[in-house]
Amino acid sequence: MITMNSRTDEATSEKAGVHAVEFRDVCRSFGRGKDKTRAVDHLTLSIPRGSAYGLLGANGAGKTTSIRMMVAHLAPDAGTIRVLGEPPIAHDEPTRSKIAYISENMQIPHWLTLSEAAALCAPLYPRWNGSLLEPLAKRFGLAMNRRYDEASKGLRRAMCIILGLCQNAELMILDEPASGLDTLARRDFLAEILDVVCDGNRTVVFSSHILADIERIVDRVAILTSGRLIIEGELDALKENVRRITLPKGAASEILPEKQDLFKVLRTQRDEERSKWVVVDFTPEKLAAFLQKFDIADPETVEVEGLNLEELFVESVQSGDANRTER
Amino acid sequence: MNRFILRLAYGECAVFLWPVLLILGVYVLLVKEPFRFFDGTLALLACGLGTVLGFRIFWDGGGVRAFLFSRTFSPGRLFLVRWLFGLAIIFGVGIIMAGVFVTGLRQAVQTALFANGWFPTVRFSETQVLGTYVVAGLFSYHTTLLFVIRHRYLGVAKFKGTAFVLRGVVTTLMAILFIIAGIFCVVALGVDMTVQSGYARVAVPVLLLVFGLPTVLQSILVPICGIYCYKNQEVES
Chain A
1 MITMNSRTDE
11 ATSEKAGVHA
21 VEFRDVCRSF
31 GRGKDKTRAV
41 DHLTLSIPRG
51 SAYGLLGANG
61 AGKTTSIRMM
71 VAHLAPDAGT
81 IRVLGEPPIA
91 HDEPTRSKIA
101 YISENMQIPH
111 WLTLSEAAAL
121 CAPLYPRWNG
131 SLLEPLAKRF
141 GLAMNRRYDE
151 ASKGLRRAMC
161 IILGLCQNAE
171 LMILDEPASG
181 LDTLARRDFL
191 AEILDVVCDG
201 NRTVVFSSHI
211 LADIERIVDR
221 VAILTSGRLI
231 IEGELDALKE
241 NVRRITLPKG
251 AASEILPEKQ
261 DLFKVLRTQR
271 DEERSKWVVV
281 DFTPEKLAAF
291 LQKFDIADPE
301 TVEVEGLNLE
311 ELFVESVQSG
321 DANRTER
Chain B
1 MNRFILRLAY
11 GECAVFLWPV
21 LLILGVYVLL
31 VKEPFRFFDG
41 TLALLACGLG
51 TVLGFRIFWD
61 GGGVRAFLFS
71 RTFSPGRLFL
81 VRWLFGLAII
91 FGVGIIMAGV
101 FVTGLRQAVQ
111 TALFANGWFP
121 TVRFSETQVL
131 GTYVVAGLFS
141 YHTTLLFVIR
151 HRYLGVAKFK
161 GTAFVLRGVV
171 TTLMAILFII
181 AGIFCVVALG
191 VDMTVQSGYA
201 RVAVPVLLLV
211 FGLPTVLQSI
221 LVPICGIYCY
231 KNQEVES
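Chains A and B, in that order, are what the protein sequence lines are. Numbering of the first sequence is given in my numbering, commencing with residue 1 and proceeding in unit increments. Numbering of the second sequence is given in my numbering, commencing with residue 1 and proceeding in unit increments.
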């Protein structure tokens, strides 16, 4: 597992004290015997309070399982989880009122309208912000008196989102919440989440397949593969320090990553023409030292390119898959 | 919090509940023969009421459970309030029935419509049938409720094969008893509820033993099991 933090970020986390969410060596499996699948495999991560945290991973990576354990919808097989300082299973009602959870498949009782659902939910949440209700309904194009089962898939999703946003919760946990929304509605939803993020005192945990959404909202990401954490850290730091180095054909391409101690290599790819390394701790000084150490005469032949989030995600997932195959 | 749970519970069962109550009400008011200690038809109607309540209150879709279990109330409170809501309906209907007998409303209807010669003699003695109603209603409610919870809990829990079957044995046995009793009520004692038949002298004490005692035990065990299952079930997202 690779963690990337800026120095300022580490200092801030330490100063902030308690994390919003902490996973310590958490495991969770499904099935028995030959069919047993480890959905979460010794997961350790901490989500600082006040951060916007993205959980990324391919299908079956363990994102939803991890999120369900955060909200006590699943119990871990091993390890400890703390949400707002306590195990989720031990949360009392005041603590539960500080958490808003919106998931992809969540449904409201079919016969409720938005106004009825809001009227029922409002007394449960001391921080309920009813003034958001009508503007959000208008923004998403949702009638206040339309029953849930009379609404389209996208509007049903919007109803769940609106109820979640009105909770004005300290911790928002979102699992593919925008699934089913059209482009405009998704844009409106992201704008609302950005408002929450900018609050600074509230924490958002956001899981989505749409990397553009993640990139827009979050300041930290964790990438999971097969239940394991591959890479985690501040998004800007990851983009700054993760690079793909292409070594040309010849002696340079024969260098093995394990024979050097300058770079932490996430993944390597080799063919007849070249060797490509994805490294997570790139600096120009390290590159200069690398070139000197391995006597690479013409530095111009060494290509260094930055990775956007999508490329970083692909490389991390493929790295995790390769490690799993080796094991 | 309780208002939220109660409102949802009522909303889930209202559409089915009112027709059952209507049929029950019509039966209680219009049947001409006086009610005695046991009435097969009333027992069946009470079973219908209990079954409707058990299914409709507790059978949540996966997505709705994710919504419910994410609210501020604990799973234990959710179960308890729902369970008590069902009990309140069963006993509430029983109290209304008692009122119908004792206040003379049934007598008035019977006299007006049928000039029924049994009244006013049997006006108060008819309340003895309430025992049948309560036992049948409670037994069916708790059995249905346990079935639903067992399905939800064991359906996703890590128990397969033998363990799955064993854990369901008690509920399965109760369900079998329930079905047998239903058939027995109709076939052996007759839909016209004439309890002077030869079967009644044997059947009634047997029914009391077979259903009365388990009903009391169920009323104690169901909340314990229900809270445990609600706290430990895996909620789909």
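Treat each hint with caution, since some may be false.
Stated by the list, open to error - If you only want the chain B side, here are some residues facing chain A, beta carbon under 7 Å, derived:
id	residue
1	Phe4
2	Leu6
3	Gly11
4	Leu30
5	Glu33
6	Arg56
7	Ala66
8	Phe67
9	Ser70
10	Arg71
11	Thr72
12	Gly76
13	Leu80
No wet-lab data here; the hints were simulated from the structure. Beta carbons: idealized from backbone N, C-alpha and C, even for Gly.
Going through the hints against the structure:
1. Phe4: Cβ of B/Phe4 sits 5 Å from chain A, so the hint holds.
2. Leu6: 10 Å, violated
3. Gly11: Constraint on B/Gly11 satisfied, holds at 5 Å.
4. Leu30: 32 Å, violated
5. Glu33: 40 Å, violated
6. Arg56: Cβ of B/Arg56 sits 11 Å from chain A, so the hint is violated.
7. Ala66: 5 Å, holds
8. Phe67: 5 Å, holds
9. Ser70: 4 Å, holds
10. Arg71: Hint holds; B/Arg71 Cβ to chain A Cβ min 6 Å, cut 7 Å.
11. Thr72: Status holds, d = 4 Å.
12. Gly76: Check failed: Cβ of B/Gly76 comes no nearer than 11 Å to chain A, outside 7 Å.
13. Leu80: At about 14 Å, which exceeds the 7 Å cut-off, the nearest Cβ of chain A leaves the hint on B/Leu80 violated.
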